[in-house]
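Could you put the whole structure together from the sequences, leaning on the hints where they help?
First to last, the sequence lines map onto chains A and B.
Residue 1 is where the first sequence starts when you use the numbering used here, and the numbers rise one by one after that.
Residue 1001 is where the second sequence starts when you use the numbering used here, and the numbers rise one by one after that.
In short, the hints are calculated from the structure, not lab data.
Just so you know, not all the hints are guaranteed correct.
With beta-carbon atoms standing in for the labels, derived distance ranges [as the list claims (entries may be wrong)]: (1) N1007(B) with A219(A): 51 to 57 Å; (2) R1336(B) with D97(A): 41 to 47 Å; (3) A1008(B) with D52(A): 57 to 63 Å; (4) T1070(B) with A219(A): 48 to 54 Å; (5) E1334(B) with Q234(A): 46 to 52 Å; (6) G1090(B) with A203(A): 42 to 48 Å; (7) D97(A) with G1192(B): 14 to 20 Å; (8) V1274(B) with Q234(A): 31 to 37 Å; (9) A219(A) with A1227(B): 47 to 53 Å.
Glycine is no exception: its CB is placed at the ideal position from the N, C-alpha and C atoms.
2 protein chains.
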Amino acid sequence: MRALRFNAPFDVTVVDSPMPVIVDARDAIVRVAATCVCGSDLWYFRGDNPRDAGSVIGHECIGEVVDVGTDVHNVRVGDFVVVPFLASCGECRLCRDGQLQSCIVAAEAGIFSTQGAQAEYVRTPLADGSLVVVPGGRPTDDLLPHLLAISDVMATGYHSAVAAGVQSGHTVAVVGDGAVGLSGVLAARMMGAERIIALSRHADRQAIATSFGATDIVAARGEEAVAEVLALTQGIGADAVLECVGTEESMTTAFGIARPGATVGFVGLPHDVVAPIGRMFRHNIALAGGVAPSRFYTPALIEAVLAGEITPGDVCDRRMTLEELPTGYVEMNERRAIKAWATP
Amino acid sequence: MRALRFNAPFDVTVVDSPMPVIVDARDAIVRVAATCVCGSDLWYFRGDNPRDAGSVIGHECIGEVVDVGTDVHNVRVGDFVVVPFLASCGECRLCRDGQLQSCIVAAEAGIFSTQGAQAEYVRTPLADGSLVVVPGGRPTDDLLPHLLAISDVMATGYHSAVAAGVQSGHTVAVVGDGAVGLSGVLAARMMGAERIIALSRHADRQAIATSFGATDIVAARGEEAVAEVLALTQGIGADAVLECVGTEESMTTAFGIARPGATVGFVGLPHDVVAPIGRMFRHNIALAGGVAPSRFYTPALIEAVLAGEITPGDVCDRRMTLEELPTGYVEMNERRAIKAWATP
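Rendered as structure tokens:
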């Protein structure tokens, strides 16, 4: 089969790769109907996070189950599934509490997420606890990007809003106009936010933010952005802040625009980030979030997509063939594309 | 009048000091019935926090109102009041939201807390929004330490439990066996915690923790303490953790014993503390809390004391005269006393 291989920073190529096979009785094999490049893949691409050369990359996809291990009972061959990026058993104490990111069984097995999803086929571990069947079988083509987005970015954006405690009537600020930040805007709208301030400098992303429910756009950055958001919120700040980047600057901005008593919901993989603990202490601003327990939100998000209530796949703005997908890394890294996706 | 003057680190003396007077129409003057030394006073005493020489020290007291400014309407001369350490107007947008620590009026006036409470009389700013009248007039002597504790440590300990999201049935761990940590144990019991693990190395403090509701005592520190708490919680950690110290070690311990999805409620004034953001992210452990909006909890805590439900003043283990109170700094600094208090 064809698959994207990570060779070295700035070097991802499409190669012939062995078909994945069941290696654990809890595995399933999925024929990938759609896959995409994640912002976190770019950390490898840029060499900011180390990654072994030669591995098939990618952890977001949807597709059809073509094989299952002998211990898999919740999904069957022929099911069309969303593959949440995070693998979890669904049955341990922490999974039952919704803390899928800390699944005891996955930790014992040394599993974190599905790997190798930018390919024609992928092996998905802990299939029973992880995969979510899309009701009605293979969806129409127009639904593919929206279901694909649920496998990571939409679930992650949703988690940022949950972590930040977004409530009906809130003024919510979203730091980051990548696919996750835009998904956070959509999630805040789903939760009834009255006002959604999106921090975005790019016209194409601003347009999506607005279509997702943003009521205000702040194009400035850093201290200027803080001043603008405070001006929009009677000098007090937002009731909830979604931090969807993971850099020192984005975190500083997030806390700068959070009102006293608010929570910053963070889902951007932190890189050299220090929480401003003095300001947190002085004004009772909390920090919550982290790795999204994506599977937890997946069933409800699938329903919302199938009901036509949300179109989270609007962030997938560059459709390619699998052969072209390495170009997607370049375009995303240069911020010419929000999210490159392919239908192998 | 007699008052404790901060001269320099390790040098606090009782001196004759001018009687405080109304300087703002929102002030009240309180004749101090009981006052005490706070753990945060020790930061000045040790020279860890700078403080101007010559100022009267102290911010915790109870007593009788003897004068009020022309804009004071909620308290009257003769009222017996608890003076919450934090001054707040009670009417601005943030006060109405319960975010008293960020009171807009206090910030504009440059006021944070009552100052000069270790004295016979004290001026209390923003009296209408800050002071809380004790029903029934001057209480009996045996109630004085319990009401006094509400002015800071009990409200602060309570806040740590609120911030950590303690719920009925929870397993709660409390880091810190100072007066605030012990108050946190008591607060967790009030909120229905099923199991309360107190980290304490001192027999006298362990005894108070147990009387306040601790079900388990862990005397170890650092990594050993983490291992012991994990062993007590099926390897998973506590449902809620109260961080009542404010050092790097205590914060690290707090996050080490917090289960995935838990919140660390922190009220220890942070000194060179860095939140372990990698662990927070990986396991969705939140950090919430900060300066306690003490006035917010004061009425209910007074009721609980008057009803005999709680005895938070048990942490006031060294009763002195005002003349002796400088010795209280030494004893507390050497951890020979938990909390020194005086009835001027």
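Task: In rising order, the numbers of the hints this structure does not comply with - done: No numbers; nothing is violated.
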